[in-house]
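S.K.: Starting from the known structure of chain A, arrange chain B on it as the hints suggest.
For reference, the chains in residue letters:
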Amino acid sequence: MTDLSDRPRVLYQLASPLHKTAGPAVVARRLEMLQAWAPSADVAIASPEEGPSAIECAADAAMVFPALREAATQWADHYDAVLIGCFSDPAVEALAEVSGLPVIGAGEAGILAATQLGERFSVLSSDPTPPGLRRRIRGIGVEGSFVSEVTIGASVADLNRDPDTHFPQIAAQARACVAAGVDVLVLGCFALSFMPDMPAFGRRDRRAGGQSGHRGPQGRRGRRSLPCRSAARSLSPQRKRCAMTQADTIAPSPEAYQHLIDTARFQRTRRIPIPDFAYPEGVKIAVNFTLDFDAMLLRRLLNEPWGQKAKGEFGGRVGVWRIMEMFDAEDVKVTLFTPGRICELYPDVLRHVVANGHELADHMWEHEVYGDPVVEDAHLSRTLAALSDFAGKPVTGTRSSHTPALLRDKGVVYNSFTSASYMPFYELDSAGENPILQLPFHYALDDAMYFSFGWLDTPNNAQRVMDVDEVFDIWWAAFEQQYKIGGYVNFLLHPFVSGHAMRVDMIQRLIQRMKTLPGVWFPTCDTLAQHILSNHPMTPSAE
Amino acid sequence: MPWKDHYTTSDEIGIRDADIHWPNGVQMPLGVTVNLNPAATGKGITAKDLAYPTWHFALNEGLDQFLTLFADLGIRATFATPALVADAYPDVVDRVLAGGHEIAAQGLIGEDPAIHTDGGEGAAIERATEILSAATGARPKGWYALSHPDDRAATGCATDATIGLLRDQGYAYFGNGLADDAPYYWVSDAGRSEGLLTLPYYYHFDDTFFLMFPREGTGLERPAALLRNWRAEVAAQYRRGRYMNLCVSPARSGWGHRFENLATMLRDTMALPGVWAATGAEIADHWAKAHPIEQTLRLTPSIWQDYPDSLS
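Heads up: the sequence lines are chains A and B, in that order.
If you're matching positions, the first sequence starts at 783 in the working numbering and goes up one per residue.
If you're matching positions, the second sequence starts at 665 in the working numbering and goes up one per residue.
The reader is advised that the hints may include incorrect statements.
Claimed, not checked - Far from chain B, some chain A residues (derived; all Cβ distances over 12 Å): (1) A807; (2) D824; (3) E879; (4) T1045; (5) F1059; (6) P1062; (7) K1066; (8) N1085; (9) Q1090; (10) D1110; (11) N1138; (12) L1188; (13) P1217; (14) W1258; (15) Q1294; (16) N1317.
Claimed, not checked - Label pairs and their in silico Cβ distance ranges: (17) P1155/A <-> D970/B: 15 to 25 Å; (18) D1113/A <-> A682/B: 14 to 24 Å; (19) A1046/A <-> D814/B: 41 to 51 Å; (20) R680/B <-> A841/A: 52 to 62 Å; (21) W968/B <-> E931/A: 24 to 34 Å; (22) D970/B <-> D944/A: 21 to 31 Å; (23) R962/B <-> R916/A: 32 to 42 Å; (24) H670/B <-> P1155/A: 24 to 34 Å; (25) T705/B <-> D1239/A: 13 to 23 Å.
In short, the hints are calculated from the structure, not lab data.
Model, not experiment: these values are computed from the prediction.
For glycine and all other residues, C-beta sits at the position ideal for the given N, C-alpha and C.
Okay, chain A solo, but in the shape it has when bound (with noise of 0.2 Å):
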């Protein structure tokens, strides 16, 4: 059994007399919840007499300090550190420094710690709540992993009260976050830390990421939801020592080691090239122009302002006729990934481009891929249903990171979503299984990569402001490089980037001039797809 007297001491302080606002027995409801989330810690808890209700506004988290500053000279008798129970960190320096204490803030703690477990958190608060979360998150330094802040629709009073009825609510938030590219939630109130069915939501949406296995160039990895008590777990001396000694938390175990061994030679096996490949007779290399067709879809999915809507929403209006119209006058044949929702949006334009030979591909419902399946089932279902209906014939291509097996399930052959090969090449999935075709694209040949402003959520100073003499250069030089050795490029232009009048210009010149060049071949992503698939098919012992 533990030593009692080497047990750290905590003492979690309320912010606000909880006792009177909701009753003694919530009071001891978090008691509970927190000895049992830190069973090492001695925990104690405190709800003082006087203060704010709650911490709504600026004012009530200036009236903390004078209520707890007395019983703050006493702290140190009886504790080693104090947790402040309220994400805004109200009066935690001069609690300090009244009681001689460590006295931790949560709200800090837990975000400096969502910045360990992933890479863009959002915050989750009650409703009202204190202004000025972006500056502290300026002033802990990790505002470039801040996505947003995000309030659920229920007071601090309302959650205390009736948790349950406000749940669901704030499920459909935690949700929205992810869909947006989240992966850590911050839980931005300790009403919504201490919610009965919280940590269970926690651990459902973890594994519900865990199943998602595939995820391109917008893709995620896990999803984490972090509610404030793991800072609350992380405080005890010891552990924030072990943070600091990197060996600790970086050198594998034997275990692990193998297990990446093993990963590095399995997915080295998961791209197979094709032997002897060959172009049509008379073809020396294929140049694929493909246009993700998303206009403002993603803007919309990240809930984005009017500007960035109206930025992308240029791509279906003019964009599309304009750089299509210049395709036409080349006979250049492309291919246009759409997401379904575009054939709600615009469909005048989805039935021009059918008329005049070019291909429809899929692009996702959404313009994203959900970790449910049978939710991904229905968006590719219906993507691929609403494409056909335009195309007049099956869907046969994808952009996206759909689960290989239910591409093949649905007729769809080849995706262009990847970059391990110059050339296209048969490609496995994460079980070694369901070969695909894929048609290899490159972000250097990528123009929202160049053009784009805050493309995949850069910062402002990392932006990229090219014109497009020197996008023609290199895009040049590409196809040069490719072309000297028959190889085969896939340009990757949207229609709300590359319509624009000056880049349309810049794109007609660059075809011209490739076609000064004998034996450049332009088809759509399905005429080469099926000449590979005819005559280099997976062969069975290459599988």
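M.R.: Then chain B, alone, in the frame of chain A:
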């Protein structure tokens, strides 16, 4: 989703090049927007912004250079001006108006309208309008909310309410349109087919993003890229007979070698036959008559279907 709420700001298909009518003899209008907002962030102008040395330069040598160049070339520009700036510097207002240019609004203190919560945006627009009216002697016709260097989007700013409020308060146009590169109508009420004429803006022609972006001393300095973008777009839009907008600040493009780039590009552009360098108000006035909203805005009925597993 009743129409295309949460997705689009306008109708489905932009006007084709061949359908655009400019005044006789005009091949391409040139809209020069001069950004007179010193605010570094969407919170609007701070005391620190006003003390900034390059803002001092902007108000003096930078502005003088602009006005002299515009006068030489016969360019009438639009000065997107926060009410505070017009109020604080009457001499600037006088110099700009004397050159035949337009003073359009850019917020009360050059702010992102999203900072006005709880219905405060309408009152802020009203107050800015009053101040600008008093400072210039006429109600402003255009409203801009241009990008701040620290904005997370390079689009300028509009809330759900902005366009409807501007329309209600009698504005003739909004200056931050990214959905087209010809003037178009930004829908404020789809049910009534109401909207506000919007003039195009694109950040690849805005010096904010090329000249010490996001801030001086450590920022990206790409004057040649900006010049090449301007030239490439002028060539493309002139051929199409569509529209060209660029956005410059005397604090940035007013300076030395950068100013030479601006002057060269504007001289070359004005040497083309049929370039009409007019104010936003003039261009909007022409467009509203040649392409009135009743004949231009074609809101296709929504065919959207809601599903429980996806966003509406």
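S.K.: Hints broken by the structure, by number, lowest first?
M.R.: The structure breaks hints 8 and 9; every other hint is satisfied.
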